[in-house]
Amino acid sequence: MMIQYPSLVEEAYWYQKKVDPTVTKAEIFQLLYQKGLIGPKGEPTKEALDSGYVKDYTESMDLTYTDFLILYPVFARFSADHFKKIDHFWEMDRTLQERILGEVETNQFTEDELIDLSAYFEDRRLSEPTVE
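Every letter in the sequence shown is one number past the one before it in UniProt numbering, and letter 60, counting from 1, is 60.
Treat each hint with caution, since some may be false.
Unchecked claim - Pair ranges (Cβ atoms, derived):
#1 Lys-84 - Leu-114: 39 to 45 Å
#2 Gly-39 - Pro-73: 23 to 29 Å
#3 Met-2 - Leu-114: 20 to 26 Å
#4 Gly-36 - Ser-118: 22 to 28 Å
#5 Asn-107 - Ser-7: 37 to 43 Å
#6 Asp-81 - Glu-27: 44 to 50 Å
#7 Ile-3 - Tyr-65: 34 to 40 Å
#8 Ser-51 - Ala-76: 20 to 26 Å
#9 Leu-49 - Val-19: 31 to 37 Å
#10 Asp-87 - Gln-30: 36 to 42 Å
#11 Thr-64 - Pro-21: 40 to 46 Å
Because the hints were derived from the structure by calculation, they are not lab data. On a predicted model such as this, the values are computed, not experimentally measured, just so you know. C-beta: ideal position from N, C-alpha, C; glycine also.
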């Protein structure tokens, strides 16, 4: 049986795996739970959010572009012309998607920026139509 771990556990596992290749996702889950950073279902605790250990990437409908950039500061380095609000959310054009992919492949983002990008793309399906 394959266990589906929460994204916070997956992310912590990815970072810890660089330091300790033998670490397991179960160990990461247990550690985060014992430290009070996640609840029993893997959701971030209020303490983790308040202390800044975890960032809440909840993207509300109809954010202003300024608020969108506060949520995803990685996009401040790109022209606003690449973004358009579609169905109440800010979406990027395919040109920027391809540029970002190229920059990810050539390691041009910091770890924090990669986290922002992962959060942005997590709930978006790139196979669907995008702004052209």
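Hints, verified against the model:
no. : hint                         : verdict
1   : Lys-84 - Leu-114: 39 to 45 Å : violated, 24 Å
2   : Gly-39 - Pro-73: 23 to 29 Å  : holds, 27 Å
3   : Met-2 - Leu-114: 20 to 26 Å  : holds, 25 Å
4   : Gly-36 - Ser-118: 22 to 28 Å : holds, 24 Å
5   : Asn-107 - Ser-7: 37 to 43 Å  : violated, 22 Å
6   : Asp-81 - Glu-27: 44 to 50 Å  : holds, 45 Å
7   : Ile-3 - Tyr-65: 34 to 40 Å   : holds, 39 Å
8   : Ser-51 - Ala-76: 20 to 26 Å  : holds, 25 Å
9   : Leu-49 - Val-19: 31 to 37 Å  : violated, 25 Å
10  : Asp-87 - Gln-30: 36 to 42 Å  : holds, 39 Å
11  : Thr-64 - Pro-21: 40 to 46 Å  : holds, 43 Å
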